[in-house]
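**Student:** Numbering-wise, the working numbering comes out as the position in the sequence shown, counting from 1, plus 106.
Simulated from the structure, these hints should not be mistaken for lab results.
The C-beta atom is built at its ideal place from N, Cα and C for all residues, glycine as well.
Hints may be right or wrong, so weigh each one.
[Stated by the list, open to error] In silico SDA-like links for lysine to any residue, alpha-carbon gap of 25 Å or less:
(1) Lys134 x Asn145
(2) Lys126 x Arg138
(3) Lys134 x Met192
(4) Lys163 x Thr188
(5) Lys204 x Met159
(6) Lys126 x Ala139
(7) Lys126 x Val136
(8) Lys204 x Ala143
(9) Lys134 x Phe194
(10) Lys204 x Leu147
(11) Lys163 x Gly189
(12) Lys163 x Trp180
(13) Lys204 x Val191
(14) Lys134 x Ala149
(15) Lys134 x Cys199
(16) Lys134 x Tyr181
(17) Lys163 x Phe151
(18) Lys134 x Tyr195
(19) Lys204 x Lys163
(20) Lys204 x Lys126
(21) Lys204 x Met192
[Claimed, not checked] Here are the simulated distance ranges between beta carbons:
(22) Val136 x Phe194: 16 to 22 Å
(23) Phe151 x Ala201: 16 to 22 Å
(24) Ile141 x Ser183: 26 to 32 Å
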Amino acid sequence: CYALQGGQFIMGLRLLAAQKGAVESRAKNVMRARIWAVNMLFATFSTLFVGAMLASKGFTSTTAPIGLPPHVVWYPSISIITGIVMLFYTVLCFAACKNESANQYMKMM
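Can you make the complete structure from the sequences, with help from the hints?
**Tutor:** Right under this line is the structure:
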């Protein structure tokens with residue numbers, strides 16, 4: 107809920123600010139990005155953990171989804187790959203917070 111609803115709320119506020127022409131400070135954006143990066147880090151670890159746990163139990167695919175809230179897993183390997191991709195984006199977000207040139211790169215994406 108935090109990631110989904112909170113992210114939509116923040117995005118809505120940012121769109122409203124952009125319509126009004128308000129410019130936020132970089133410090134405020136960095137603080138917000140760090141909060142979301144930490145949230146993403148927790149989600150990354152839970153996704154990797156669920157995929158690795160099911161893979162270690164011998165599951166390669168399931169005939170019915172395995173529900174481990176908030177995860178629903180059909181293929182543990184996909185959960186592991188998703189966790190690795192999430193980790194990449196989390197590291198990229200922390201790099202953008204720390205380095206101004208990475209921040210400029212993120213704006214181009």
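**Student:** Now, for every hint given, state plainly whether the structure supports it.
**Tutor:** For each hint, the structure was consulted:
For the given pair, Lys134 sits about 17 Å from Asn145 by alpha-carbon distance, which is consistent with the 25 Å threshold. Taken as a hint, the Lys126 and Arg138 pair is honoured in the structure, with Cα atoms around 20 Å apart against an allowance of 25 Å. Straight-line distance between C-alpha atoms of Lys134 and Met192 comes to about 23 Å, which keeps the hinted pair within the 25 Å bound. At roughly 19 Å between alpha-carbon atoms, Lys163 and Thr188 fall within 25 Å of each other, so this suggested pair holds.
Under the criterion of a C-alpha separation no larger than 25 Å, the hint pairing Lys204 with Met159 is inconsistent with the structure, at around 33 Å. At most 25 Å may separate the alpha-carbon atoms for a hinted pair to count; Lys126 and Ala139 meet this at roughly 22 Å. For the proposed pair Lys126 and Val136, the alpha carbon gap of about 21 Å is at most 25 Å, so the pair holds. For the given pair, Lys204 sits about 12 Å from Ala143 by alpha-carbon distance, which is consistent with the 25 Å threshold.
For the given pair, Lys134 sits about 23 Å from Phe194 by alpha-carbon distance, which is consistent with the 25 Å threshold. Under the criterion of a C-alpha separation no larger than 25 Å, the hint pairing Lys204 with Leu147 is consistent with the structure, at around 16 Å. A threshold of 25 Å between alpha carbons decides the hint, and for Lys163 with Gly189 the separation of about 18 Å falls inside it, so the pair holds. Proximity of Lys163 to Trp180 is assessed by CA-CA distance (about 14 Å); at most 25 Å being required, the pair is judged to hold.
Between Lys204 and Val191 the CA atoms are separated by roughly 20 Å; this keeps the pair inside 25 Å, and the hint holds. Annotation: proposed proximity of Lys134 to Ala149 holds, straight-line Cα distance about 23 Å (limit 25 Å). Our distance criterion of 25 Å between C-alpha atoms is met by Lys134 and Cys199, whose separation comes to about 15 Å. Distance restraint check for Lys134 and Tyr181: the Cα-Cα separation of roughly 39 Å exceeds the 25 Å cut-off, and the hinted pair is therefore not satisfied.
Under the criterion of a C-alpha separation no larger than 25 Å, the hint pairing Lys163 with Phe151 is consistent with the structure, at around 18 Å. Pair hint Lys134 plus Tyr195 holds up; C-alpha atoms about 20 Å apart against a cutoff of 25 Å. Pair hint Lys204 plus Lys163 does not hold up; C-alpha atoms about 39 Å apart against a cutoff of 25 Å. Between Lys204 and Lys126, the direct Cα distance comes to roughly 28 Å. Violation of the 25 Å bound is thereby established for this hinted pair.
Proximity of Lys204 to Met192 is assessed by CA-CA distance (about 19 Å); at most 25 Å being required, the pair is judged to hold. Between Val136 and Phe194 the beta carbons are some 20 Å apart, a value that agrees with the proposed interval 16 to 22 Å. Between Phe151 and Ala201 the Cβ separation comes to about 19 Å, which falls inside the hinted range of 16 to 22 Å. A hinted range of 26 to 32 Å for the beta carbons of Ile141 and Ser183 is consistent with their spacing of about 31 Å.
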